[in-house]
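Protein chains: 2
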Amino acid sequence: MKKKLINNPEQVVEEMIEGIVMATPDKLKKLDDYNIVVRKDKKEGKVALVSGGGSGHEPAHAGYVGAGMLDAAVAGDVFTSPTPDAVFEAIKAVDTGNGVLLVVKNYTGDIMNFEMAAEMAEAEGIEVDHVVVNDDVAVEDSLYTTGRRGVAGTIFVHKIAGAKAAAGADLAEVKATAEKVIDNVRTKGMALYPCRVPAADESTFSLAEDEIELGIGIHGEPGTERTELMEADQIVEELLNSVLEDLPYAEGDNVALMINGMGGTPLMELFLANRKANQMLQDKGIKIEKTFVGEYMTSLEMAGVSITLLKLDAELKELLAAATEIQIMK
Amino acid sequence: MKKKLINNPEQVVEEMIEGIVMATPDKLKKLDDYNIVVRKDKKEGKVALVSGGGSGHEPAHAGYVGAGMLDAAVAGDVFTSPTPDAVFEAIKAVDTGNGVLLVVKNYTGDIMNFEMAAEMAEAEGIEVDHVVVNDDVAVEDSLYTTGRRGVAGTIFVHKIAGAKAAAGADLAEVKATAEKVIDNVRTKGMALYPCRVPAADESTFSLAEDEIELGIGIHGEPGTERTELMEADQIVEELLNSVLEDLPYAEGDNVALMINGMGGTPLMELFLANRKANQMLQDKGIKIEKTFVGEYMTSLEMAGVSITLLKLDAELKELLAAATEIQIMK
Chain U
1 MKKKLINNPE QVVEEMIEGI VMATPDKLKK LDDYNIVVRK DKKEGKVALV SGGGSGHEPA
61 HAGYVGAGML DAAVAGDVFT SPTPDAVFEA IKAVDTGNGV LLVVKNYTGD IMNFEMAAEM
121 AEAEGIEVDH VVVNDDVAVE DSLYTTGRRG VAGTIFVHKI AGAKAAAGAD LAEVKATAEK
181 VIDNVRTKGM ALYPCRVPAA DESTFSLAED EIELGIGIHG EPGTERTELM EADQIVEELL
241 NSVLEDLPYA EGDNVALMIN GMGGTPLMEL FLANRKANQM LQDKGIKIEK TFVGEYMTSL
301 EMAGVSITLL KLDAELKELL AAATEIQIMK
Chain C
1 MKKKLINNPE QVVEEMIEGI VMATPDKLKK LDDYNIVVRK DKKEGKVALV SGGGSGHEPA
61 HAGYVGAGML DAAVAGDVFT SPTPDAVFEA IKAVDTGNGV LLVVKNYTGD IMNFEMAAEM
121 AEAEGIEVDH VVVNDDVAVE DSLYTTGRRG VAGTIFVHKI AGAKAAAGAD LAEVKATAEK
181 VIDNVRTKGM ALYPCRVPAA DESTFSLAED EIELGIGIHG EPGTERTELM EADQIVEELL
241 NSVLEDLPYA EGDNVALMIN GMGGTPLMEL FLANRKANQM LQDKGIKIEK TFVGEYMTSL
301 EMAGVSITLL KLDAELKELL AAATEIQIMK
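Chains as they are written, first to last, in full-length UniProt numbering: chain U, 1 to 330; chain C, 1 to 330.
Please keep in mind that the hints were generated in silico from the structure rather than gathered at the bench. Fair warning: there could be bad hints in the mix.
[As the list claims (entries may be wrong)] Below, a list of computed lysine to aspartate or glutamate pairs in the EDC-like style, where the Cα atoms sit at most 20 Å apart:
#1 C:K2 with U:E209
#2 U:K46 with U:D33
#3 C:K42 with C:D26
#4 U:K3 with C:D32
#5 U:K29 with C:E289
#6 U:K330 with C:E325
#7 C:K92 with C:D33
#8 U:K311 with U:E289
#9 C:K290 with U:D210
#10 C:K3 with U:D26
#11 C:K330 with U:D210
#12 U:K3 with C:E289
#13 C:K2 with U:E289
#14 C:K3 with U:D210
#15 U:K3 with U:D201
Keep in mind the model is a prediction, meaning the values are calculated, not measured.
Model the full assembly from the supplied sequences, consistent with the hints where possible.
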């Protein structure tokens, strides 16, 4: 049983959400009785953005609540969708009469519960729409999804749709921009070591000491291939080639690159992966507009990395560069 | 042998430094033939700040090179001091005739090599001074030090001395401010799991599956106590009480708080630790001016946390809040 720095596994999400809010008490608050983080200064006169999902992916999603990104994040139990009731509370808390966009990762439970919450809100006269992020190129269907999984690319949807909403766009426009991000973002990940859910006695999967898994999901769902440990450069080639092959790329294209640690990966290894990814893109004449290296969408203490590419047009480029108070997205 | 996302262990530092520079190519560059990161736009007319040390503590120190913080960071091999030659190169690269301050963590090798580099620079007419950070309250002397170790508190020295230099202070003034930070910053850490140096076959130490180590150093040097795994709140109490007892604190005091992950600790656990630390400080009437939760001074993939408190007066408070382009210190 893997050691963790926690108290009672049953309280882990609530205590974590309290800890997140305490880190920036001037900007964030927790809704009473719910594991929901909202902005303290509710922003009137704009479309509100709500995201969320199971916990264990921190900083997703509470870490992205702030000016220029999300208005609320709903945290379910670890690797478990939040309830429709909780999502409904978040919608009510942030709605200012300009409509609410839900950013949902493509997992069956999340889709069902966010859609149910949207219906509850609509029944009360709140205008709600949603987009589904499905950026993981690894598998077509998976343990918890019909279609591709939503993973680290979701953060680009938060950032860019958040900037669009902050600029005063209406709900249909914010949704269209979010969908443009989804159409242009692709991710693939791998794991060196698994993670353990706090309430469980065992890791979510196991890998031999000379084995890695390519195409793994952010809950340890099976990937495309188990293989022998390779050099970092080979691993990055495998991941980035899968990502590149999934969209048409040409010399001169602009991209944003995210080298995402899965929770237990030291920064040294992420920077090493960034080096190879940069070299590959440079060789293809693809221009990296902005690089993000760090932990953006994790799987508890899983060790591994995912690589995300977002193909940028002029609008996406401008919105990606727009102001936000979320430090790691500046 | 623990799996790592690396290529050749011999090349790991150079490849990592290349990856760091590639992440912000508009702002950083690597010096040819050295694992040294410097600002691309050399800032004329101010005192230059240089830090560094063994690698494996990322983002320290290369991640702190930028406007408002360091002018150069020198990376030694993993857990190994950089050579006097390398430090000398960094000094020469950033000196603008206004003097250079070296921020050195208190390890015997670092002190010796940075002092030797300072002598080499002075022989060439460059004005150089240095400060030694020794914030770790855990042990008086240690495996690699006479006196206390320099750990995560070093980042506050970078930030505040960096802001002082950016404001146009002279070398003596920047040094005095750096020493004020050192006088007022204290840290204590703990480990749940060890790390492994890339070139080694074994972890730097080992802990049983129900055992943790309190007061451990950032290279896995022995701490104050091995004990059974406790709840997070108890661990935070142990660490923060040691830190608080080491300086006189009174109700109404202002502090900056850093909850630092050691490399393999998921954010969930860091936020949980932040919750308890906040509660303790609130109970004592100590006001937290700013909270930093994340990875600031790591030990490769070691799992664990350190807690740093910096007691703030008006000057330190203002300099801590001053502008910097280092995202995680904003």
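Against the structure, the hints come out as follows:
no.: 1; hint: C:K2 with U:E209; result: holds (7 Å)
no.: 2; hint: U:K46 with U:D33; result: violated (26 Å)
no.: 3; hint: C:K42 with C:D26; result: holds (12 Å)
no.: 4; hint: U:K3 with C:D32; result: violated (43 Å)
no.: 5; hint: U:K29 with C:E289; result: holds (17 Å)
no.: 6; hint: U:K330 with C:E325; result: holds (10 Å)
no.: 7; hint: C:K92 with C:D33; result: holds (14 Å)
no.: 8; hint: U:K311 with U:E289; result: holds (10 Å)
no.: 9; hint: C:K290 with U:D210; result: violated (43 Å)
no.: 10; hint: C:K3 with U:D26; result: violated (41 Å)
no.: 11; hint: C:K330 with U:D210; result: violated (40 Å)
no.: 12; hint: U:K3 with C:E289; result: violated (32 Å)
no.: 13; hint: C:K2 with U:E289; result: violated (35 Å)
no.: 14; hint: C:K3 with U:D210; result: holds (7 Å)
no.: 15; hint: U:K3 with U:D201; result: holds (10 Å)
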